[in-house]
Structures are given as C-alpha cells and as structure tokens.
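*Asks:* Sequence:
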Amino acid sequence: MTDTDDTPTESEQGIEKRQQPQRVDESEHGHEREGGREHEYEHDLELERRDYLRSIGIAGALGSVGSLGALTGATGSVVAQDGDWEAAAEERIEEHRTGDLEIVVENEDGEAIPDAEVEVEMQEHDFNFGTAVHAEFLTRGSEWGDDLHTEQDRQNYEEAIEEHFNTIVLENLHKWYLWEDNVEIADEAVDWAVERDMGVRGHVCLWGNVDAWAIPPRVVEAMGDPWASEWEETDEANPDPEYVVEESMNHIEEIISHYSGDVHEWEVVNEVFHEPAMIEAIEGDGVTPETAPILGDWYEHAEQIAEQHDATIAVNDYNTLNGPHEQDRDQYEAQIDYLVNDRGIDLDGAGMQAHHYANERISSDEIMSVLDRYADYGVGLRITEFDMFGDNWDQQMEADYLHRFLKTTFSHPAMEEWLMWGIWDPLHWGPELGDDPNAPLYDDDWNEKPSYDAYVDLVFGEWWNDESGPTDADGTYTTDAFLGEHEITVTTDSDTASTTVSVTDPDGTTTVRIDVSGEGGPERPDAPASVTVTDETDSSVDLEWDAVGEAESYAVYVDGESDQEVTTTSATVDGLSPATTYEFGVATVDSAGIESGLTTTTGTTGDPDYPEWDPTETYTEGDRVVWDGTVWEAQWWTEDQEPGADEYGPWEDVEDADDGGNGDNGNGDEDEQTGQPQDTTGDGLYNDITGSGSTTTSDVTEFFEGFTDEYSDPQYYDFTGNGEVTTSDVVELFESI
14 MTDTDDTPTE SEQGIEKRQQ PQRVDESEHG HEREGGREHE YEHDLELERR
64 DYLRSIGIAG ALGSVGSLGA LTGATGSVVA QDGDWEAAAE ERIEEHRTGD
114 LEIVVENEDG EAIPDAEVEV EMQEHDFNFG TAVHAEFLTR GSEWGDDLHT
164 EQDRQNYEEA IEEHFNTIVL ENLHKWYLWE DNVEIADEAV DWAVERDMGV
214 RGHVCLWGNV DAWAIPPRVV EAMGDPWASE WEETDEANPD PEYVVEESMN
264 HIEEIISHYS GDVHEWEVVN EVFHEPAMIE AIEGDGVTPE TAPILGDWYE
314 HAEQIAEQHD ATIAVNDYNT LNGPHEQDRD QYEAQIDYLV NDRGIDLDGA
364 GMQAHHYANE RISSDEIMSV LDRYADYGVG LRITEFDMFG DNWDQQMEAD
414 YLHRFLKTTF SHPAMEEWLM WGIWDPLHWG PELGDDPNAP LYDDDWNEKP
464 SYDAYVDLVF GEWWNDESGP TDADGTYTTD AFLGEHEITV TTDSDTASTT
514 VSVTDPDGTT TVRIDVSGEG GPERPDAPAS VTVTDETDSS VDLEWDAVGE
564 AESYAVYVDG ESDQEVTTTS ATVDGLSPAT TYEFGVATVD SAGIESGLTT
614 TTGTTGDPDY PEWDPTETYT EGDRVVWDGT VWEAQWWTED QEPGADEYGP
664 WEDVEDADDG GNGDNGNGDE DEQTGQPQDT TGDGLYNDIT GSGSTTTSDV
714 TEFFEGFTDE YSDPQYYDFT GNGEVTTSDV VELFESI
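When you line the sequence shown up against our numbering, it's residues 14 to 750, in that order.
Don't read these hints as lab results, they were simulated from the structure. Source: prediction; values computed, not measured. Some clues are possibly wrong.
Stated by the list, open to error - Straight-line C-alpha distance at most 20 Å; calculated SDA-like pairs for lysine to any residue:
1) K420 / D160
2) K420 / S511
3) K420 / D493
4) K420 / T615
5) K420 / P463
6) K420 / R105
7) K420 / S376
8) K420 / E137
9) K420 / P624
10) K420 / S382
11) K420 / D378
12) K420 / H138
13) K420 / V472
14) K420 / D722
15) K420 / T693
16) K420 / T111
17) K420 / N141
18) K420 / H109
19) K420 / E107
20) K420 / E379
21) K420 / T502
22) K420 / D224
23) K420 / E156
24) K420 / E634
25) K420 / N460
26) K420 / A486
27) K420 / G393
28) K420 / W477
29) K420 / P727
30) K420 / Y595
31) K420 / D506
32) K420 / Y351
33) K420 / T631
34) K420 / P519
Between the sequences and the hints, there should be enough to build the whole structure, so can you do that?
*Replies:* Laid out in structure tokens, this is it:
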C-alpha cells in the first residue's frame, strides 16, 4: 500500500465515476460508424433494416418529429413480441428450478399414516438473488462521510436487503484503490452478510478505470502517460510495466485470500475491452484487450489463488445483454473463448451487468439466444448489475420489463445468480450518468415502486412454496418444490413434528420421512354436497353451494389455487380471462381452521364485447380492443399506437373478432385485402404496401425495408414526385398516415 496520508477515504471520494453504458441515441447509433465515416441513410445502408428499425425506430432514423409513438418507443417499447414467451419461460422454470418433493409420514411402528396434515413452507431459495450495497451506509449510516440520511433510513435499508435477498455485492469498496483505503468498512459489510448466511460476490479484483478510483496512484504512475498526467491523484509518470504486472498479481492474491471462505466468487477483471488502460500499459497500444496475454495471466493466477480459498472466478461487462450492442457481445464472447479455450481457464461465471435504458430492452427470444451463446462455453451465467433508468419509460413500463427480464433469465438452466444494482433512489448511481436516480425498488421516501411488486411477486410469490394438504392412503404427500430450503410440518390427531429439507435436484425426487404418533390427521369437516355456477361474464363467474352445518367459512379455489375465503354460501370469482374454462372448488373450513376436501365444478367465461381501438385512449397491459377484424391485447402502456402497425409494438393479436374489424376506406366501402401492394387512394401509387386494405405504419416499415429493391419502381412508389424512389418517399408515406 502507498505510504501517503492524504489519499481520500471513501468518505471523501464521492460516488464512483465510471464508464457510461452506451446509449442508443441518434448521436451514437443514429449514424453507424465504420472506419471513421458516417453512413448516410441512403440506398447503401449496410445495417440490417429490421435491426435498424428495432433499435431506433424509422421515425428517428429519418429525423422526423411529431406523432412518432407507434415507431420510436417513446411510450411503447423496442421489445419485439415473441409469441407466448411467458408460457415458454414457465415451462423451463418448472423443468430447471423445481424438484419433486415426497413426504412420507409414518408412526413409530413404520406404518403409513393417511390423512395427516402436511404443511410445506419455503424458507430460502437455492438460487442467488442479490443486490449491490453501499457498504458505509449499511454499516455506519453515513454516505461518503456525511450524514445525509436518518438512522431510520439506514434501518429500512438494512431490513430491506436482509428481507429480499440472499446475496450482496459491494458497489465500490472491493475496487483496488478504494479497498486499500477503506478495508475496515469493506470488512464490516462482508461480516454483516456472513453473519446472516448471505453470499458475497467480489466486485472486483482489477478494473482499468483510473477515474473511478479503481487503481492506486502508485500503479497509475507506473502505467505512464496518458493516464498519470490526466489524473489529479498522481505525481509524475514513471512508466514501469513490470511493476504494474507485479502489483496487480500481488493484489489479486491479497484480496482473494483476505476474504477466504467469505466471498464465493470474484470478478477478476471488470470491463476488459471497455476499460483497457492497465492492459494497454502492459502490452502496448494496439493490443486487443479481450485476447491480451496479460489477461490470461491474471486469470491463471486468480484461478490458482481462488481454489485455495473456496472461491470461483468470473468475467463481467456491460452491453452484453441489452440493446443492439452486437459488437460488444462479439467481443465478450471472444474474451470468454480466449480464456476458456486458448488459455484453459476453468472459468466459472460470465457476468452480464444489464443496465438498461428504455431503448435497450430486448425480447425474451433475444435474451435466451444471447445467454445460449455464453453458456455454450460451459460457464455459469450471472446477472450482476440490473437496473433501469433514463427517459422514455414510466415506472409501470419498467416493472413490466423487470418481470419479463427476470422471468426469462431465471428460466435459463445456466443462470445461477441475479443481482440488481441497488434498491433505494438516494443511493442510486444514475446521477453519475447525468440521469435521475432510479433504483428498482424504492423511491426517496421508501415507497414501493411497481418494480418492487414485479420482483416480489415472482421471487416470493410465484416461485415460493407455501402449501398444505393431507397424506394419501400410503401416508405420502407430494408436490413440486422450488429448489431451496423448506420447513415441513406434519400434524396428526395427537402429534406434530417438523423438519427442514433442502431440495436441490431438479431431475429427481427428494424424499423425507417423518415419524409421528397418532392414527391420522385431525378430523375433517364435511365438504359441500355440490357447487353450481349461477352466472358468467367475460371476466367473472358466480358460484353457489350447499351449506355445511359445521362450517366457520368456505375456501374457494380456482384451478387448484386458493382464491378467497368467504362466510356465505356464494362467491364471485373475478379477474378471469375471457372465453376460458376453469375448475372451481369449494372447501368447508371449521372453527379450528381445518379444511375439508374440495367439491368442484367447471365454468367457462363468456366472449367479451371489446371496444374498437381509439387512438385518443390510453391502454395498459391486459386491455383488449378490436381492430381490423382482430382482438388485440396491450402488452404494456400505450397510446396512439395502432394495433398491428408494428410487429415490435405494444399490441399482440389474440383472436379473430366477430365483427370483421375496421377495414373501411373512408368511402363506406371495404378495401380488398389482397396481400399485395395496391392503390387504395386512386392516385396510381401503391400506398398499401402490405395489401391489408389500408395504409398503416406496417406499410411504412415494409416500404423502408424494400425501397431499394422490390419497391423501387417510381411508377408505383415515387410518393414525392421527383422521379426516383428514396428515403424521402418513405418519409412522405409515413407523414401521409
């Protein structure tokens, strides 16, 4: 360590300065740079037009302004619709994240006890769900030495982390220079987690970002210029690549061994090709960072040290699972390939930071495709720094995307950890990017955001076991249990016994035997004699049943899941999908809280009379409308975005409408849906490119993709009248609608 006394502590250094995730805005991605030249948006566009449209929207590409919502993602999303993504994800989750749990209940003589009451309550996920933490605020209540918040804030912060996560990562204080000057605070935060049986990720051994206080001044001076002269913390440059190698190797060993057994995985080098300063200082200019020899040397050394201290090693970078950053993904894959195949590193994890602006959302299919690329190298996958910020989306849109992103990534069999980058707005790093702070879970006043509900509903709702039921005639109770720790309680007429079991095998059956006294569970009340459906709407069903004398209340189930408990002999089940058949069940509940078996019946909701789409109305997820003979369902918040106009838009077609939709051409006649380009205005120009019977933004999209090829004949596509077909004609068609 340096022998100076004036290096700033965490309290003095301010929030980390770091490389900004690349934004997909017009200045950086509106013109794709290649060889220092900007491509104009003319006939020689080298970008794939479909990718181009998805990333920035045709309106942004053409510099148009005005009513652009249908294409730009200003109120919608660039996320492509990919069919029933959620059903596919849930199928993978059931396959890879649950295991069969069999509970066998016997008496002291080994005889099976039927009708014993079994309760299964999950205690902890086997999967690592985590967050970045501000070490100083967590343990001392201050932020960079200042008491900017209250002790109640600190307690709220501590309780929220402990309640919602089983893993943490220090946002700043495991970075080399910051760690050397704040090791006591860093240790306190790690100890805090270890005392609570929480996992700790190591972020990070080495990071080449000089401005982020990630490299000690003595090492920066040895890196030479331009780094030494550009950083105010250093003295004169004293280039010494061997010293940089020696110090970096020593630091890798020091920090991994310091946390022996407490930090389960270390990101050895962070953001290799985005922050290559140390690599360039050692290898020279012109080096390819992701395949640099020193990178392999660092990982070989870290692998040897980590094996001695019960830790694994990983890579980590941004733009690896967000946005149209294909070049970044190619470089990241090249880095993994180099380490695994060229250097023979036993690489355990590939970390994807997953910081998101609104225009960097990607579809579930794209997420799975990218994850497959990395997983093909035999590495485990980690989401290491998920968050969402910037303009162009509201909190509900963020929550919808968190739901999709979390469920999709959790469903991938190689995914092993999922961490968000902070939870509370006042500690979020957004301002360092010039954005408002926007942590996923809580605002300044600890109000829960919609993304909080999205996270909790999945992790502690949909993916959490809390159920009960009787053993069968063989004394067995079986269920699908999410991988993790479960408390099992068995009750008979004269005894109760509990045990804890870990379900860790998604491919087999975990069997636990519990010995209790007694001849069976408590006596159950009689079930209702019958259940009848008395009324149906498109979203609800009314039920009635016979009264049971010993009933304290009745439990109502829908498709085997608890829905409500009532004290009358009727109930209305709301929130159902239209034209769908459900199984409804009713159980008697006695004064001791014991339920009878279910009496069941089936009912089908009616077909709805959906309103016609109105461009002036605001729609939210789940709203349905009729347009062009089809029923459409909104996938997120939307306004003035025509259903079917953009395959990457907010609407998904769910069924044909009985009324034939809206195909009027404005003259009281129905335009023919030919499937071929046609003129519907009488001017001789083919304004209906798709042949749908009307001109929509789908025609603009189709025209933009083919105006240099199949739609290049001026006789039919010269909308500007200048004798040729160019992007100006695409603009003209777009403005006409």
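*Asks:* If a hint holds in the structure, say so; if it doesn't, say that too.
*Replies:* Status of each hint after checking the structure:
With a CA separation close to 38 Å, the supplied pair K420 and D160 exceeds the 20 Å bound. This hinted pair does not check out: K420 and S511 have alpha carbons roughly 32 Å apart, beyond 20 Å. Straight-line distance between C-alpha atoms of K420 and D493 comes to about 18 Å, which keeps the hinted pair within the 20 Å bound. Our distance criterion of 20 Å between C-alpha atoms is broken by K420 and T615, whose separation comes to about 30 Å.
For the hint pairing K420 with P463, the CA-to-CA distance comes to about 16 Å; that is within 20 Å, so the pair holds. For the given pair, K420 sits about 10 Å from R105 by alpha-carbon distance, which is consistent with the 20 Å threshold. Proximity of K420 to S376 is assessed by CA-CA distance (about 12 Å); at most 20 Å being required, the pair is judged to hold. Using a Cα cut-off of 20 Å, the hinted pair K420 and E137 holds, with the two alpha carbons roughly 18 Å apart.
Between K420 and P624, the direct Cα distance comes to roughly 31 Å. Violation of the 20 Å bound is thereby established for this hinted pair. For the hint linking K420 to S382, the alpha-carbon distance of about 15 Å falls within 20 Å, and the restraint holds. Note on K420 and D378: the hinted pairing holds, with a Cα-Cα distance of about 12 Å set against a maximum of 20 Å. The straight-line distance between the Cα atoms of K420 and H138 is roughly 15 Å, inside the 20 Å bound, and the hint therefore holds.
With a CA separation close to 9 Å, the supplied pair K420 and V472 stays within the 20 Å bound. Straight-line distance between C-alpha atoms of K420 and D722 comes to about 40 Å, which puts the hinted pair past the 20 Å bound. Annotation: proposed proximity of K420 to T693 is violated, straight-line Cα distance about 44 Å (limit 20 Å). A threshold of 20 Å between alpha carbons decides the hint, and for K420 with T111 the separation of about 14 Å falls inside it, so the pair holds.
Between the alpha carbons of K420 and N141 the distance comes to roughly 14 Å, so the proposed pair stays at or under 20 Å and holds. Distance restraint check for K420 and H109: the Cα-Cα separation of roughly 13 Å lies within the 20 Å cut-off, and the hinted pair is therefore satisfied. At most 20 Å may separate the alpha-carbon atoms for a hinted pair to count; K420 and E107 meet this at roughly 12 Å. Taking the CA atoms of K420 and E379, the gap is about 14 Å. The hint holds against a cut of 20 Å.
The hinted pair formed by K420 and T502 fails the criterion: a straight-line CA distance of about 30 Å is larger than 20 Å. Of the pairs offered as hints, the one joining K420 and D224 is violated, with about 36 Å between alpha carbons and a cut-off of 20 Å exceeded. Only pairs whose Cα atoms come within 20 Å are accepted, and K420 paired with E156 is rejected, the gap being roughly 33 Å. Distance restraint check for K420 and E634: the Cα-Cα separation of roughly 17 Å lies within the 20 Å cut-off, and the hinted pair is therefore satisfied.
As the CA atoms of K420 and N460 are separated by approximately 24 Å, the hinted pair breaks the 20 Å bound. Distance hint between K420 and A486 is unfulfilled; the C-alpha atoms sit about 37 Å from each other, more than 20 Å. Of the pairs offered as hints, the one joining K420 and G393 holds, with about 17 Å between alpha carbons and a cut-off of 20 Å not exceeded. Using a Cα cut-off of 20 Å, the hinted pair K420 and W477 holds, with the two alpha carbons roughly 14 Å apart.
For the hint linking K420 to P727, the alpha-carbon distance of about 48 Å lies beyond 20 Å, and the restraint is violated. Pair hint K420 plus Y595 does not hold up; C-alpha atoms about 25 Å apart against a cutoff of 20 Å. Simply put, K420 and D506 have alpha-carbon atoms about 41 Å apart, too far for the 20 Å limit, and the pair is violated. Between K420 and Y351, the direct Cα distance comes to roughly 30 Å. Violation of the 20 Å bound is thereby established for this hinted pair.
A threshold of 20 Å between alpha carbons decides the hint, and for K420 with T631 the separation of about 27 Å lies outside it, so the pair is violated. With a C-alpha separation of about 17 Å, the suggested pairing of K420 with P519 holds against the 20 Å cut-off.
In the structure shown, a violation is registered for the earlier hints numbered 1, 2, 4, 9, 14, 15, 21, 22, 23, 25, 26, 29, 30, 31, 32 and 33, in ascending order.
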